[in-house]
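Based on the sequences and whatever the hints tell you, model everything.
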Amino acid sequence: MRSKTMRTKRWMLVSVAAIGAMTLASCTSGGEGGGADGEVTLELWDTDTRPERTENLEKLIDMFEAENPGITIDYLGLPTDSYMQKISTAISTGATPDLLTPKASDISALVAQGALAPIEDVFVDGGWEEQIDPVMVESTRAAAPDGQLYMTPATALVDVIYYRADWLKEAGLETPATWDEFEAAAEGMTDKASGQFGYTIRGGSGFFPQFMDMVYTRAGIGELFDEDGASTLDDPAVIEATQAYVDLYGATTADSDLTADFKVMIAQFSGGGAGMLSHSIGSYPTILESLESEQIAVGLPYPSENGSQVIAQLTTGFGMFADSEHKEAAAKFLEFTMGEEGNSFWAEASGYMPGNTAVADEPWVAESQALAAAAEARSNPDAIPLNVPYYLPEWTSITDTAMLPDWQSVLQGNMSVEDFCTTYAKELTEAQARYEDAMK
Amino acid sequence: MTSTTQAQGITPTRRRGGKRWYPYLLIAPAAALVAIFLVYPVGSVFYYSLQNYNVTMPLYNGFVGFDNFVAIANDQKFWDSLLFTFKWVVVEIGLQFVFGLILALLINQAFKGRGIVRSLVFTPWAVAGILTTTIWLLIYNPTTGVGRYLADMGLIPYGTSLLAGEDTAFWAAVLAELWKGAPFFAILILADLQSVPAELYESAEMDGAGRVRKFLSITWPHIRLAVVIATLLRAVWEFNNVDLLYTLTGGGPAGSTTTLPLYVAQTAIYDRDFGYGSALTVIAFVLLIIFTAVYLRINRFGKDD
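If you read the protein sequences in the order shown, they are chains A and B.
Those letters in the first sequence? Residues 895 to 1334, per the working numbering, in order.
Those letters in the second sequence? Residues 6 to 310, per the working numbering, in order.
Calculated from the structure, these hints are not laboratory results.
Fair warning: there could be bad hints in the mix.
Keeping only pairs whose Cα atoms sit at most 30 Å apart, straight-line, the calculated BS3-like set for lysine-lysine is [said to hold, decoys possible]: (1) A/K980 / B/K82; (2) A/K953 / A/K980; (3) B/K82 / B/K92; (4) B/K219 / B/K117; (5) A/K1063 / A/K1086; (6) A/K1063 / A/K1157; (7) A/K1157 / B/K82; (8) A/K1226 / A/K980; (9) A/K1320 / B/K82.
See the structure below:
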C-alpha cells in the first residue's frame, strides 16, 4: 500500500515536471505571435541602437502598424559593437526574430549561415525595381555571395568629411577642395597647446571604413581587387595615400586617437577637440545636437591626382530571417520601408540617403548639408563607386580583427606602411581566391 | 498455485533490483544537470577543437585532427596572448593580495564608523563588471576625464590617454581591475581574521611579541587557507578575464593587452572560427587544470588537519 502511494507520488512529480517543461517550451515559442484572432506579432532587432535612432525606429513602426492593423512589431535594440554575437547565438539556437536591420557588410556572413531569407520575389513582384535607386540595388545584391537581394536597399550612407567651418574661418582658410588643402587645413587648425587638433583619425575598432574613405579616394582606385583577383591594397598609389593618412597621426591629431572608435571620434569633433572628421552622413543629426549647422561644413573627399572622384557608399536597410513564421507580414514591413511614406520618414530622421528615387527629390534632402554632398556624389557622372567586397566571408575578420593591432602598430611607427599594405593585400588576395574556389 | 509460487519467487528479486537502482535514481537529476551544463559543453569544445568549423565558410568545415593545435603552435598571437595572460595574472593577483590584506587588517581594527568603512571597502566588488569599465573609461577619457584636468594644469599634453600607450594601457587596466578585485581578498581574509581568538594576541603581547611576530605566528597561520583559496579563485578568474579588458582596451593598443581568453573571444565570437577558438579553449582549460592541481599540491591544501 505504502509502495503504491510512493509510486503515485512519483508519477505526480513526473507529471508536474512534464507539465512544467511543456509550459517552459510554450513560453520559449511564445514570441511567434499569430494568435487565433489573426493578430501577428513580428520581432525586429535593430543593430545600431542609439537613443535618437530607437525613437525614430519606433515612430516608423507606429506608422506601419497604423496602416496595417493586425500586425504588431516588437522592437529590440542590440548594441552597435556586439550585435553579431546576439544574432549568432540566435541562429545557433533557432531563436531568430522576424526582421533585422543589417548593413551590406553583414549580409555575407548571415547568408553563409542560411539565416536571411532572399527577398527577390518581394522586390520584383512589388515593382520596386523601378522605384529604388539602381546603384543601391546593385550594391546590395553584390554584397551577397549568390548575388541575390537579402536586404531592402532602403537607404545609403555616403562617406564625407565634416569641417568646423568656424575654425576654418578663424584660421583664414577656405573649405579644402584638394588633398593638399586638406593637409594645410589640418595643420592650420591644430593648436596642441590648447587641446585643438586639426583632424581626428580612427585608430581603434572599425578603422577600415575610414581608412578606405581617406586612402582609396586619394589613390583614385575604386576596386579592392583587380581583374586577376589580386588585392589593390599594395598598389603603389594606395601605399602612398596610406602613408599620407598615417602621417596625420600625432602631427595633426590627438595621440589618444590611437584607440578612437566612432563614438570617440564623434565626441572629439562635436566637443571641440578636432576640426575635421571623416565619417558617414549618418552622423550629421548627432553632430547637430552639439553644434549649430553654421559651425559645420560637409563635403566629399577630394578627387585624386589621376582625376578620379571615388565615392564610398554603404547601403543599409531591412532584412527578413529565413526562419520567420510570418514572412508575409514581414514582407509588408520591408515594402513599407521602401515606399515613399516610410522611406521618406526613415531616411530624413536617420540622415541617410533615401533609396526611393521619388523621395530623393524631396526638399529636405537638399536642405541637409550632408545629404546635399551625398546627392552631389550621386549626380557626378565621373564619380567612381568604391566597390567593397562585402561578399567575402572573411572580410570582417581580416579588416577588423586581424588588421587592427597592426594598424595601431603602423600609427605608432612600429610597422611600416608598406609592410602593412603588402601583408594584408596577400591575406585579402588569398581570401578572394578561397571565395572564388567556393563559388565554383 | 504455480503462479503464486512464481510471484513469490520474482517479487523479492524485483525489490532487490529496485533497491539497487534507487540511489542512482536519487542522484540522477544532479547527474543530468552536470551532464547538460558541464559534460556536454566541455565535450563539445573538445569535439570542435578537432574540426575546421567556421560558420561563415561551411565549405571548408570538417574533421582536421590536430591541425588546429599545430597551427596554434605556430601562431605568434597565441604565444603573445599567453605570455600577457601570465603577466596579467601574476601582477593582478600579487597586487590584489597585498592591497586586500592591508584593507582586511585595517578594517579588522576597532574604530568608530567601522561598519560604514567596511561597506565602502566592499562596494567595488558589488559593482557590475561593465559598470566598472564604464567608470574607468570616463576617468581615462582624454576629453572629459582626469587627463583633461591634468592637461589644463599643464602637467601632461592635451589629447593623451593612458589607454592609448602600450605600457600605460596595461597599468591602466591593472588599476581598474585592482579596484574591483582587492575587496574580494579583503572579504575572505577578514572573515578568517575575525575567528582569531583575541587571547592569542594578548598572550603573545605578554611574551613580548611585536606586530611582525604576531602577524607571522598568529595571523598568517589563521588566514593562510583563505589566502590560498582566494588566490586560486582570483587567478582562475583573472586568467579568464574578458569583460574588463575587452571593454576597456579591446585587447589593444596593437594587441598589447590581449589575454588568451580575449583571443579566444576574437577568434570564435567575432571571426566565427569556432574550430580554432575551441582548440585555443582546450589549451586554456588544460593549463588551468594543471595550474590548479599544482597550486593546491604545493600549498598542501586540505592536509593541514
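Outcome of the hint check:
Distance check on the hinted pair: A/K980 and B/K82 sit about 26 Å apart at the alpha-carbon level, within 30 Å; holds. For the proposed pair A/K953 and A/K980, the alpha carbon gap of about 24 Å is at most 30 Å, so the pair holds. Between B/K82 and B/K92 the alpha-carbon distance is near 15 Å, which keeps this suggested pair within the 30 Å criterion. Restraint check: the Cα-Cα separation between B/K219 and B/K117 comes to about 24 Å, which is no more than 30 Å; the hinted pair holds.
For the suggested pair A/K1063 and A/K1086, the alpha carbons sit about 18 Å apart, so the restraint of at most 30 Å is met. The hinted pair formed by A/K1063 and A/K1157 meets the criterion: a straight-line CA distance of about 26 Å does not exceed 30 Å. Restraint check: the Cα-Cα separation between A/K1157 and B/K82 comes to about 28 Å, which is no more than 30 Å; the hinted pair holds. Our distance criterion of 30 Å between C-alpha atoms is met by A/K1226 and A/K980, whose separation comes to about 25 Å.
For the hint pairing A/K1320 with B/K82, the CA-to-CA distance comes to about 18 Å; that is within 30 Å, so the pair holds.
Every hint, counting from the list given before, is met by this structure.
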